[in-house]
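Here the structure of chain W is known, so what remains is to put chains D, B, C and H with the ligands in place on it, guided by the hints.
The listed protein sequences correspond, in order, to chains W, D, B, C and H.
Taking this note's numbering, the leading residue of the first sequence gets 1473, the next gets one more, and so forth.
Taking this note's numbering, the leading residue of the second sequence gets 1473, the next gets one more, and so forth.
Taking this note's numbering, the leading residue of the third sequence gets 42, the next gets one more, and so forth.
Taking this note's numbering, the leading residue of the fourth sequence gets 2, the next gets one more, and so forth.
Taking this note's numbering, the leading residue of the fifth sequence gets 160, the next gets one more, and so forth.
The hints are simulated quantities; they were obtained by calculation from the structure and are not laboratory data.
Each residue gets a CB set at the ideal place from its N, CA and C atoms; glycine is no exception.
Certain hints may be false.
What the hints assert, rightly or not - Quick list of simulated restraints, FRET-style, between CB atoms: (1) D:1719 - W:1709: 40 to 50 Å; (2) H:433 - W:1668: 38 to 48 Å; (3) B:229 - C:71: 26 to 36 Å; (4) C:45 - H:380: 49 to 59 Å; (5) B:212 - H:242: 24 to 34 Å; (6) D:1608 - W:1589: 47 to 57 Å; (7) D:1556 - W:1597: 49 to 59 Å; (8) D:1728 - W:1611: 32 to 42 Å; (9) B:197 - C:33: 46 to 56 Å; (10) B:324 - H:242: 34 to 44 Å.
Chain by chain, the residues:
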Amino acid sequence: MNATGISPDGAGPLLDVRALRKVYTGRNRSVEAVRDLTFSVGAGDLVCVVGPSGAGKTTLLRCIAGLLAPTSGEVVLEGAAVQGPPPGMAVVFQEYGRSLFPWMTVQQNVELPLKQKKLPRARRLELVRNSLDAVGLGDVPAAYPWQLSGGMQQRVALARAVAYEPHILLMDEPFAAVDAQTRADLEDLVRSLWQRLGVTILFVTHDIDEAVYLGQRVLVLSSSPTVVLDDVAIDLPAERDQLGTRSSARFAELRAQVFGQVQRAKHQSGAPDHQSGAQGQPAGSRPADTGTGPETTEDRQPTDAGSR
Amino acid sequence: MNATGISPDGAGPLLDVRALRKVYTGRNRSVEAVRDLTFSVGAGDLVCVVGPSGAGKTTLLRCIAGLLAPTSGEVVLEGAAVQGPPPGMAVVFQEYGRSLFPWMTVQQNVELPLKQKKLPRARRLELVRNSLDAVGLGDVPAAYPWQLSGGMQQRVALARAVAYEPHILLMDEPFAAVDAQTRADLEDLVRSLWQRLGVTILFVTHDIDEAVYLGQRVLVLSSSPTVVLDDVAIDLPAERDQLGTRSSARFAELRAQVFGQVQRAKHQSGAPDHQSGAQGQPAGSRPADTGTGPETTEDRQPTDAGSR
Amino acid sequence: ACGSSSDDTPSGGSGGLDKVKVGAIPIIDVAPLHLGKAKGFFREQNIEIEVINTTGGSVAVTGVVSGQFDFAFGNVVSLIQAHSQNIPVKAVTVGNASTGKPGEDFGGVVVPPDSPIKDAAGLAGKNIAINNLNNITDTTTRASIRKAGGDASNIKWTELPFPEMPAAVMSKRVDAAMVVEPFFTIAQNQGARVVAYNFAEAIPNMTVAAYFATEQTISQKADLTGRFKTAMDKSLKYAQEHPDEARQVLQTYTKIDPAVAAKIVLPAWPAEINRESVQTLADLMVSDGLIKEKVDVADILP
Amino acid sequence: MTPAATVPPPAATAPVPAGRSGGTGPRGGNALLGLLGFATFLAVLEVVPRSGLVSANYLPPTSRIAGALAELLGEGRFWTAVADTLRGWFLGLAIAVALGVVVGFVLGTVPVLREFTASTIEFLRPIPSVALIPLAVLLFGSELGSVLLLVVYAAFWQVLVQVLYGVRDVDPVARDTAYTFGLSRWTRIRHLLWPTALPYLLTGIRLAAAVALILAITAELIIGAPGLGNEINRAQSGGAVDSMYALIIVTGLLGVAVNGLARRLERAVLSWHPSVRGEETP
Amino acid sequence: MSAHSTVRPGRRSPGAAVGTVARVLRWIAAVLGLPVALLALWWVLSADSETFYLPPLAEILAAFDDVWLRSDRLRADVLPSLLRLSAGFGLAVVLGVGLGVLIGSFRRVRAFCEPVLEFLRAVPPPVLVPVLMLFAGFGNTMKVLVVLSGCVWPILLNTVEGVRAVDEVLTDTCRCYGIRGPARLWHLVVRSASPQIVTGLRQALSVGIILMVISEMFAANNGLGFSIIQFQRTFAVTNMWTGILLLGLLGFLLAVLLRLFERRALHWYSGLRQFQRNDGHR
Ligand SMILES: Nc1ncnc2c1ncn2[C@@H]1O[C@H](COP(=O)(O)OP(=O)(O)OP(=O)(O)O)[C@@H](O)[C@H]1O
Ligand SMILES: Nc1ncnc2c1ncn2[C@@H]1O[C@H](COP(=O)(O)OP(=O)(O)OP(=O)(O)O)[C@@H](O)[C@H]1O
Ligand SMILES: [Mg+2]
Ligand SMILES: [Mg+2]
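In isolation and in its complexed conformation, chain W is listed as follows:
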């Protein structure tokens, strides 16, 4: 619950990202997506990561998940450097529709990783049932993912991660594609799961409201090439609710603070000389209007622009 990443019980950081750098090298281009990231996350923390689109949030997360090898620097999880996907970690992807196996029922989807863990059948079924109950889907284990609504699908993905009993749960903009109402519900779900299970969560989003509402800490990344711009401790009460918390004065303050940083982030990256690069790109490259184009954001207030 503090901004240093050392959890208060002195157990030392669970996750340590050290001078992480990632350069994508393609055929005849290479992109430095992440320049230099250093931070740590204590056991049981819920850390949100925000940053403008293209900041390298996904890149960071994939490095932590062991899906991508860093160009330099390292990711240390529970004392060991991450080489491949570490055991005890679960990832919830943004594209829920594509991360569930359409040929399996909800039950089978949740159960598959447990089978791999070689848990006995009874235990597996118990875990599946519990986690589906936890996300409020106890009644549809036999349905196929595509028979469910988007929000329900995302909850299945969450249930799968929860059933896996990970020490650390990574989420990459998991609610970007669900509607406002469902999103609020899922946010509350994440917080309640986190509180009940004591799992460490790293939650990537580009929604500032969401980050402030959910997290204990909010890491603000600069735009690409990426560095950590700020690490905001969220000192809101542990019990949060969509209405009360979001309308509280402290929430507005924190949101304004993060928003200020994100605004700064758009104009400041690891490479100052790179700043104007985003505008001069030809058609077909990363579009200039994915929500963070410098040309339209200056004149917006934190309270408005940050919320979707």
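Chains D, B, C and H with the ligands alone, transformed into the frame defined by chain W:
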């Protein structure tokens, strides 16, 4: 600019929807999507239509566009009953990705309807250039739609509609799938195009903020089977901007008013006994949690729940 | 002859039968084979034959060379051709022969009823359908044209399966067609006129086809070959002497209409290969350019 | 020999909306129309020879063909031929599918192999299987083996190419999901690769089934191996035009049956796939 | 929902030139490696082949020159074959796409025709040759028709599927903007079905080559297929092998041509697909 649909200059309504009723008859079920809609839109108006999901907004729009034959009642455009897609009308669909021809460049996409109109080449090129410039895409005529971001694609669709020089422009939740920032930009674009070109616009959305921000009038539809619940005149100043307008007191009032109607709409439809129908549907049919399920909305305040 | 099967060699083992596969086209020409099988002539020689349908001479040669058949039926031109390509095949006994009687043979050249062509000489320069180019049909047709005093050098040949020929002639898609039974009869039933009996006219008493095997089989299984020849010769003789039974046996392996089968002219099934006719044929092949070098048919005849 | 309907791999039609009930329409009505279409076809076949447009000697009217067909159905020999053809077809198809799946998965999962075999596959694939007839006759004579060689050769490519597409089409997100949950290689193949490739494989099988049947009959016809093709040959060389057409009709009907069977298999196995489930939900 | 595009120009790394050379070398190795290895293997294994039907590769290659290049055969045999193939293929394209658009556009027409089409498709083309000869004689027309009769099915059926899958939103868009008649046909229907049509073309091509050979088994006096069959019948085995080799080579070249055409005509589609596969998440 008034709620009656008769434009102030006395030119009479451009569009007249009279006792429109639409029943979908399927294999062994028939759905009365629209029960009885009557309203008119004056020339040069910008009317927004809001209503809960499944209200029949798309159905209404497709009837107006002549893509769907009404079961009874009629749509009169410029004095003539609509039989098929009338000339001089342009439609912007929600599914931007699917309404552009992927095998044509941006330029060709915008130009195609003009070719069909048999405009001379020079005039076509001029119209294409102007409309692309107007939506801020003057520099990508040679790109293919799938090389652009979602917001850019939607702008191409808009440019195509604008270049067509329609008298009336229909839009069906055109910005539902683009991110917040782009959405704000596109909203301003629509208003400025409308002001510049004097075209009549019917704008369907389920976002109350958007409807209030954009429209001169907001038509509130009940849930299915659908009737017009309210017709709110938006007396905001003609010059609107995302920050000032949205934070003005009058905006909040109007939003609250519309929101109240929409809340009422969910529980009231043309057929009161139909009310609970939405909940009893099996999995796989219209998902129960698309943001307007009756079970979660009561406890939310207008200012929060209504925004996308 | 029934009792003479006692000179059995050790190969048969404990009274076991030698299983022999014979490749043959399902046409009239091989009626003796089927008849002999039905009559038990092969069993008398301790041979159990299985007749396997082939689609033509080259398949038969290939089958024999690859060991799929022990013996096969094929026309002598194919044999000569194979020999000229150094394929080691050799005739065992006669297959069938022309009746040698112009006017009453099992094949000939037909023309539409109203055709201006009156005789073989009139075929010069015409479009004639044959079943296989560079084979026995065109070689003999050329020969009979030359014999009739025509010019055989500029004929336009069209390859066509026998079954298609009656229709082709009657609809005048070709000027003439060299057909064999049963299509010879079918064509005539439809009104076609015969202008040449090329098998009979080209070479006197010409041997058309033979049963053959590889040289290896003939030398290494001399006994079996001998017994096969014995049975085959008996069958040929029987078929020659009992044409009605030969006609009947057709129904077991072809789809010829019984009414047609009763009317067709059967080929001759003589006891011996007419070596002279084969040599003449081989010489014709050289002059017609089918093969490059002169062949001594003694190499391929038994 | 690839005359075959190809809905390109179901998953490859990404831009197509999944849930379209497009064209399925009322089932009964369609079947009726189809029957009507077929009846019209038969009627034309009846009228054309009767009107003298072509001689009935060469194209007999439907009624005579039907008579010959009825006769055929009573013959043991005919059923043996059908059995022979079906055996060649099925064995060939089974071998081709097995080979295609194994080779496809190996090549598909090992990028280097795939890269280095691509050109060879491109070269071998268009070699027409008829070119192999001499080789087939040489190796197997005019028996089942020859038919199998041709059938397997033609059908194998259909399956292989589809499997290659399928294996490559694994969704990156699904793959990452599998990695992060630490699924083993075998589990990934079994639960990720296989289901992803399955729709493609089934398309491949459907194509291959049609091709295999056509090739089986062609091989019998040309090489003379026992089966329907050989029966056609026999009828033809005996001048039995009616039976020949009856046999041709039988081959056509077999083809229709094989295609129907393959589609049914597809529907049963792919209940979860958009192309199939789309037909059920309106 | 933001669209990512991977086409991002970046700085060239200093080692780019070296990398390019290495990549080209690797590409060459990948394309030629296996074929060369296989040829070498064939060469070695057949070097002292005694089997009559499997002559040494060296001998075949030596003969190739004589048989095809130093004689009139390229003009007298290969050219007519290719002309007939392209005529049949071209007609099949016109007919297949034309009928396919018609059948695909109207549900009733489709229901009416489907069973008959399925049936005709299932009849092996060689069986149809005698029927075709009844109507078309046995000149070039017949051979072109044989090719057509086989090629048309894959094109037709693929076109039907493609036309059926035209996106509804695009259809509505066209209606709204008054895009009708030929413009609609071309800009909407054909273009949108074109990926499937090209799939059909590819299948049709391999069928076409096979049928080119088969058609030359009947009533031919020139052609590549005719030559191969003549070689086979006259036991000129080495020559026959050169023919098979040439056939394979032709098939390969034609497939490459088609691929080039596809690359030009469908570059939008491959771009779209790649985008969807890589990072389009909708
Ligand atoms: N596979 C790749 N190859 C090359 N460049 C890449 C690749 N993936 C990402 N990038 C680039 O790296 C940068 C960071 O991308 P990343 O996806 O991590 O951003 P993000 O913060 O997740 O963005 P968003 O909010 O849009 O998801 C971008 O400039 C992007 O173009
Ligand atoms: N083709 C159809 N066949 C049968 N019922 C339909 C069809 N299209 C729509 N409906 C039904 O008609 C009603 C109105 O649908 P419509 O799409 O017009 O709603 P909407 O207001 O546009 O909803 P949304 O905000 O979700 O887009 C719904 O109950 C829907 O299920
Ligand atoms: Mg991301
Ligand atoms: Mg709608």
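Q | C-beta pair residue 1608 (chain D), residue 1589 (chain W): status relative to the range 47 to 57 Å that was hinted | A | holds, 52 Å
Q) Are residue 229 (chain B) and residue 71 (chain C) spaced within 26 to 36 Å by their CB atoms? A) With Cβ atoms ~30 Å apart, the hint holds.
Q) Lying within 38 to 48 Å: is that true of the beta-carbon distance residue 433 (chain H) to residue 1668 (chain W)? A) holds, 43 Å
Q: Using the beta carbons of residue 197 (chain B) and residue 33 (chain C), state whether their distance is inside 46 to 56 Å or not.
A: Holds: the Cβ-Cβ distance is about 52 Å, inside 46 to 56 Å.
Q | CB-CB spacing for residue 242 (chain H) and residue 212 (chain B) relative to the 24 to 34 Å hint | A | holds, 25 Å
Q: Go ahead and decide if the range 49 to 59 Å is satisfied by the Cβ distance of residue 45 (chain C) to residue 380 (chain H).
A: violated, 34 Å
**Q.** Verdict for residue 1728 (chain D), residue 1611 (chain W) (Cβ pair) under range 32 to 42 Å
**A.** holds, 36 Å
(Q) Looking only at beta-carbon atoms, does the pair residue 1556 (chain D), residue 1597 (chain W) fall within the given range of 49 to 59 Å? (A) Taking Cβ atoms as reference, residue 1556 (chain D) and residue 1597 (chain W) lie about 58 Å apart, which means the hint holds.
(Q) Against the range 40 to 50 Å, how does the distance between the Cβ atoms of residue 1719 (chain D) and residue 1709 (chain W) compare: consistent or not? (A) Given about 28 Å between the Cβ atoms, the range is violated.
**Q.** Beta-carbon spacing of residue 324 (chain B) to residue 242 (chain H) - inside the hinted bounds 34 to 44 Å or not
**A.** Once the Cβ atoms are compared, 38 Å apart, the range 34 to 44 Å for residue 242 (chain H) and residue 324 (chain B) holds.
In terms of the numbered hints stated before, the structure departs from hints 1 and 4, listed from lowest to highest.
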